[in-house]
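As you go down the protein sequences, you meet chains F and H in turn.
Here the working numbering = 1-based position in the first sequence + 152.
Here the working numbering = 1-based position in the second sequence + 875.
Hints are computed from structural coordinates only; laboratory data are not their basis.
All values derive from a computational prediction rather than experimental measurement.
Check before you lean on any hint, since a few could be wrong.
As a list, the in silico BS3-like pairs of lysine-lysine whose alpha-carbon atoms are at most 27 Å apart [as the list claims (entries may be wrong)]:
{"id": "1", "chain 1": "H", "residue 1": "K891", "chain 2": "F", "residue 2": "K294"}
{"id": "2", "chain 1": "H", "residue 1": "K1037", "chain 2": "H", "residue 2": "K1048"}
{"id": "3", "chain 1": "F", "residue 1": "K275", "chain 2": "H", "residue 2": "K1281"}
{"id": "4", "chain 1": "F", "residue 1": "K178", "chain 2": "H", "residue 2": "K891"}
{"id": "5", "chain 1": "H", "residue 1": "K1281", "chain 2": "H", "residue 2": "K920"}
{"id": "6", "chain 1": "H", "residue 1": "K1048", "chain 2": "F", "residue 2": "K294"}
Chain residues, written in single-letter form:
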Amino acid sequence: MTSDIIHMQAIRKVYDTGKIKVEALKGIDLAVKPGEFVAIVGPSGSGKSTLMNLIGCLDTPTDGRYQLGGEDVSTLDRDALADVRNRRVGFVFQGFNLLPQISAFENVEMPLVFGGVGLRERKQRVTELLDRVGLGDRMEHKPTELSGGQMQRVAIARALAMRPDVILADEPTGNLDTSAGGDIMQLFADLWAQGKTLVVITHDMTLARRASRVVEVRDGRIIRDVASAEVA
Amino acid sequence: MSDILRQLIRDVRSQKLRTFLTVFGIVWGTVAVTLLLAFGRGLHKQMIKNSAGLGDRIAIAWPALTSIPFEGLGRGRRIRVREEHIEAVRRQTPGIVAISSEYNETLKLHYGMKTVAVDVSGVDSSFGAMRNLIPEAGGRFINPIDVRENRRALFLGDKIAKDIFGKSPAVGKTVIFGGSPFLIVGVLQEKVQNSSYNSRDEGRAYMPGTTFRALTGAKYVNNFIYQPVSPSESESVTAAVRATLARALRFDPKDKEALSVWDTAEQFKFLDVFFLSFRLFLGIVGCFTLIVGGIGVSNIMNVVVEERTKEIGIKMALGARQRWIMRQFLFETILITALGGAIGFAISFAICFAVPKLGATEFVGDPEISLSVAALTALVLGATGLLAGYFPAREASRLDPVVAMKL
């Protein structure tokens, strides 16, 4: 057993499109401890998004061992994986991935519905979370009625809803202008300060510098894993 | 459970056009098929009713001239049937339920200042039931006592009764008919009749055959009608009637012209066959309508799943299990089907309720909804939608969330 939240050993991922086999990850060893803020950087096509999807149990590795919160998730079936995604991981996507037809409140409520949280507690948690990301007055607005920065804050509130072990963010500032991006970075920094564990994929070196640790991925391998102070 | 319901209402509300189209597809299919078959059924019943205006599967026979020489007698001899021959046929033909002779004449009818010439038939009491001469309330047809006692009783067609008495009741009045006083015992209830052999019953009068013979001195029947036990035996019964008369009146039993017979049961058989094929036709049209409707519904469901694959992906990423996603789709389809079916039925019922009020009943009949057909229609459409929605939804919920989200 290990105290790591994320513990990956020799993780490989091969995409088999029939004719061509693409080896996106060629053996990743990664361990993340509670309270860390890890930035994963690397050029596009390096495999960092694939790594992110595997960490979040959105996809399954071709081989290797993966323990999430001490639980071996490489052997779980679909329903168990759904539960893991629901309880252990909170996602923030580049494209927000909010459901467009329903309100901010209902979007944040969704993982709580899947997690079987009762109506009264849902209402309380969602209200609290939206207040915390500064959208207490926008709860009934639909995503289309919000700005990009506001949408991403709804997504962060949604990621926090089930009080997950780790927050995963894939280019969270990629679709935002500098000022909105800065707000989101600040929000992540605040979450880290509150003791959350964060893994963020980013191009944005400003954001990477705020992290406690920077992991650089290239060609499906980790080529550098250092404390952020060492990043030039 | 309530979460699913809330989710459902939310989805339906947020996808108004899509929901509307699906519901419309089911409504359209249900209405088209139920109405098609309802009108077919109504028309069939009406045709039977129209034909039954002439009589209840009876045969009408006219004695005429022989066409084949028989036992030394030449052709062209007139066959004259008297009441005793009718009696003989009644006794000797086992397949006959009822038989009545009919004597015809046109006599003058006086009532107050009015005088009209009326076609009258002298008949037996069984004539009324055979020919579907149903009296209006308060009256009756000629009965056996009238016949036995040569009563001067008269049964009037509704049109004649209206011409003479207007709106005041005719039953119980006495008129002078053919020079003798007659008591009006009944008036024909208005009926639908699309064929006749003398004239339509609404314009005729009927009296007991015995009274008729006494009044006019007629000896020979004009024609007679009889009813076989069942329409399928009408041919053998007619042959037996011919044989009996041929023996009594000495003509060749094979001589079809000596006694010409109009078997209305034939007509019913034809109607049955005709409507069987007509309904088959409507059924096929209905099936195609259903198929087209089903394709529409399944198309929409397909599109629904396709455009919602991303949504499914997001939900799975947030921890929705496959079951949860499938349940949502099934619930949605069931709700939409039930709604569409209900609206379709309501429209069909409304139309079937309204049509009889347009006054075209005599020609097209009153459409009649078959509940089983309607239920089956909605069920088929629903099942189509369900299948069409189920498989793509299952496919989508089996994708890895990443893949589904990127679509």
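Status of each hint after checking the structure:
| no. | hint | in the structure |
| --- | --- | --- |
| 1 | H:K891 with F:K294 | holds, 16 Å |
| 2 | H:K1037 with H:K1048 | holds, 13 Å |
| 3 | F:K275 with H:K1281 | violated, 30 Å |
| 4 | F:K178 with H:K891 | violated, 48 Å |
| 5 | H:K1281 with H:K920 | violated, 60 Å |
| 6 | H:K1048 with F:K294 | violated, 84 Å |
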